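Next come the chains, spelled out residue by residue.
Number of protein chains: 2
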Amino acid sequence: MHAMPTHQMPAPAMPAAAMPTSAELFAPIARDLEAVERVLRQTLDSRQPGVARLVSHLAHYRGKRLRPALLLLTAKACGGVSPAHHTLAAVVEMIHTATLVHDDVLDDAAVRRHASTINAGWGNQASILLGDWLFTHAFHLAASVDARACRLIGATTNRLCAGELHQICERGNLDLGEDAYFDIIDGKTAELTACCCRLGALYAGAAEAMIERVANYGRCLGVAFQIADDLLDLIGEERAAGKSLGTDLHQQKLTLPIIWHLAQAPAERAGRVRQLLESPGNHKREKLAPELEADGAVAYARGRAEEFAARAAAELAWLPPSPCQAILEQLTDRVVHRDC
Amino acid sequence: MHAMPTHQMPAPAMPAAAMPTSAELFAPIARDLEAVERVLRQTLDSRQPGVARLVSHLAHYRGKRLRPALLLLTAKACGGVSPAHHTLAAVVEMIHTATLVHDDVLDDAAVRRHASTINAGWGNQASILLGDWLFTHAFHLAASVDARACRLIGATTNRLCAGELHQICERGNLDLGEDAYFDIIDGKTAELTACCCRLGALYAGAAEAMIERVANYGRCLGVAFQIADDLLDLIGEERAAGKSLGTDLHQQKLTLPIIWHLAQAPAERAGRVRQLLESPGNHKREKLAPELEADGAVAYARGRAEEFAARAAAELAWLPPSPCQAILEQLTDRVVHRDC
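Just so you know, the protein sequences line up as chains A and B, in that order.
Note that numbering that gives the first Met the number 0 gives residue 184 to position 185 of the first sequence, counting from 1, and the numbers run on in steps of one.
Note that numbering that gives the first Met the number 0 gives residue 49 to position 50 of the second sequence, counting from 1, and the numbers run on in steps of one.
Among these hints, one or two may not hold up.
As the list claims (entries may be wrong) - Which bits of chain B does chain A cover? Going by a derived footprint, with three or more residues having C-beta under 8 Å, they are:
#1 40–53
#2 125–136
#3 203–212
Unchecked claim - Away from chain A, derived, C-beta distances all over 10 Å, residues of chain B:
#4 A97
#5 G176
#6 W317
Hints were generated in silico from the structure; no laboratory data involved.
Every value quoted in this text rests on a predicted model; they were computed, and no experiment measured them.
Where a beta carbon is used, it is the ideal one built from N, C-alpha and C, also for glycine.
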């Protein structure tokens, strides 16, 4: 209870830029995020040199810790952060990392966040096993909280894997509809962001109705995020994104602008895009992106992302005003306007 | 309490063979194994046609249900089988199946149990995701029991994945020692069989000392099983095994006979084997097996398997005599004398 301010933050020497960095944005939960890092370090510590080497390479996979931040911000906005929140924030980050490691095998990706992927450096075998190792460590860590956390996280990862499997099964299906697309991204992305917010609120002692509201915030935010992420794969800059782009097209995974275009564009133009998607070769992005920007397909997808971001923001009206509630609101804007 | 014998087993028309089949051996737990199948069917049921197709192919992966049987036999030998045992037996089988699906990707295996593997039929991507899907469904199902089950199963799968990672990291290391080999198989195989027996005894209300004894039975049985399995890969018949053999050699994964040979054989002969292991090409098994049989390496490995089987059997002396205790004892003999 006696907080000792051993590390006081100095005032920034430069005025903050128009768009704050993640670290600036997450300042009110900075200490909690540090606590999560400690849990992660303890949990992922391995005596085996081979395993330790792989785990240390995972530092390159480290992103903005969006999912732990969502969990902690929701917790703080709903009442307060407890040690269970730190543990669960580490759990969701480990699950997310496990899916990234396996995704890189699925996508045969060589680069992630400006660094070589595990599969590029150590091969697919090590990647598959490291992903499994991360999954099981996440579940074991969740079990240190209670059975309810295990049930929620288990149900979420079930849905997550089902979404990924659904996507794989639909690869190459050029007749994929919007409903199927939304089902896929709801599973592979939004289910986990919804779970983060649910766990944050639940373990802060929020009422049932509030928990459902913040979970729906997380779900809508996740959908908006994934539509924007898919747009990035289509029209983003590889240098800013820090990874290979165009993989969805290369693998014939249809995303929202393509689905819209194939359904809405005049038959002749849609036929040309269909032909391009079916053709071999690796430069589909360069040819398709201008076409989809010109005919409004990109604008349509961006509009849908904004629509989901607005639905997410609307759910926040149910939370009492607070710095963390305000950050959750800012996130709805950030996830759709990002370049990495 | 009023058992209605709607399906009476007819007396066998033929005298039983010297070696009973698994179904005959497991007759005292036949109804419990059926209950486990029902849990598996309910848990793995998917509305998604793509996922359902993959899951239905898993029927080909179905083996002798050794791990569920171990759990149920231990439960019955320690007091009695409860619904929690049926659930947990389904959990351990799902974990085992997940590792098989991922192992087949790791080994690039085309055939398992006389059928094509998931990766051969649907590609590595579907295999990786299906394995993940099985893992998460196993954890979610475990969470329907209690947090203790989640902790035990989480700890076991942590060790299992660490064992598999250890093995991958040591691929190609021709100086691998026996200690490292035993650490690998203890992790990748024996930890799960130990867990089966522990769960069986624990949820039957056995005393702590008894639980440790039966867990050690399971561990020694698993080590014996894996040494025998590795021998099968070296000198077994592909037709009986129902899968590609020689994969350990092909992937430079050292197993006990090779480790013994490289350490014990005269320098010139050991050098020849070393050279063969390092050479490219796919016919190492045909060349190596006679060499290792002739110089006693195979006999040494078989002797170690028998030693662990005897240690497993010794732990059973702590259980009260019962039909299930007798079956557990028979299993110690079966795991080392098998051809598939």
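Consistency of the hints with the structure:
| no. | hint | in the structure |
| --- | --- | --- |
| 1 | 40–53 | holds (count 6) |
| 2 | 125–136 | holds (count 10) |
| 3 | 203–212 | violated (count 0) |
| 4 | A97 | violated, 8 Å |
| 5 | G176 | holds, 15 Å |
| 6 | W317 | holds, 29 Å |
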